[in-house]
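Assemble the whole structure, with the sequences as input and the hints as a guide.
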Amino acid sequence: MKPRFITFEGIEGSGKTVVSKEVCRSLESAGVRVTHVREPGGTAVSEAIRGLLLDPERTEMDPRAELFLYLASRAQLVSEVIRPAIAAGRSVVCDRYLDASVAYQGWARGLGEEFVRELNAAVVGSAVPDRTFLLDLAVAEGLGRGPERREAEGTAARDRLEREDLGFHERVREGYLRLAKREMKRIVVIDASRPLDEVVRTILGNLEGLFDVRLNSRP
46 MKPRFITFEG IEGSGKTVVS KEVCRSLESA GVRVTHVREP GGTAVSEAIR GLLLDPERTE
106 MDPRAELFLY LASRAQLVSE VIRPAIAAGR SVVCDRYLDA SVAYQGWARG LGEEFVRELN
166 AAVVGSAVPD RTFLLDLAVA EGLGRGPERR EAEGTAARDR LEREDLGFHE RVREGYLRLA
226 KREMKRIVVI DASRPLDEVV RTILGNLEGL FDVRLNSRP
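Numbering (this note's numbering), first residue to last: 46 to 264.
Among the clues, some could well be false.
Claimed, not checked - The calculated label-pair distances, taken between Cβ atoms and stated as ranges, are:
| # | residue 1 | residue 2 | range |
| --- | --- | --- | --- |
| 1 | 259 | 107 | 47 to 53 Å |
| 2 | 124 | 215 | 31 to 37 Å |
| 3 | 132 | 240 | 22 to 28 Å |
| 4 | 239 | 155 | 30 to 36 Å |
If you're looking for bench data, these hints aren't it; they were derived computationally from the structure. Ideal Cβ positions, reconstructed from N, Cα and C, are used throughout, including at glycine.
Written as structure tokens, this is what we have:
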């Protein structure tokens, strides 16, 4: 079975982590070998960068510094985990990836989509997702899920990005939707306001053709 590279994107609270874990479980149940990673993170170096990026005390961080930290984390993840996994015949499922930088730093921070795209290309090379699922929902709903999500993750405080104003998060969503229109062959927009089981079933149905296997969601 040819290994595939799948990514999940979306605004804060869109459910990427929960949904991606359910998709991994279903793939593994069908005999697909999967490596599940997150961004920023996934390696010792990348997790250290994650701590800096999400630290709510780092309010002075310049948008360019933010972008290059994300790119550094991504470079390490691609080199240390993603490329080796695919070379070993393992599919990779990633919670956020290169599209996040285009939406967050390129569009919402105003650094320029093409500028970020060019930097992403230099960092990831051919390690581009076969399919990306954009979990879309209203910003107010996503941010409203924050307390429940933080409780599940064992974190009490909002991270640095969660503390951005509503306008910032609206621009992030707009950036993602612009990307989806531009790359319709790769990016699949999913209505994340629906119940979790419906979201997962929709995604699994989409992936069956890509993996050529029957995928079942959790009973």
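So, going through the hints one by one against the coordinates:
Evaluation of the 47 to 53 Å hint for residue 259 and residue 107 yields a pass: the beta carbon distance comes to about 49 Å. The hinted window of 31 to 37 Å between residue 124 and residue 215 holds, with their beta carbons roughly 34 Å apart. Taking the beta carbon of each, residue 132 and residue 240 are about 37 Å apart, not inside 22 to 28 Å as hinted. Between residue 239 and residue 155 the Cβ separation comes to about 32 Å, which falls inside the hinted range of 30 to 36 Å.
Of the numbered hints given earlier, the model fails hint 3 alone.
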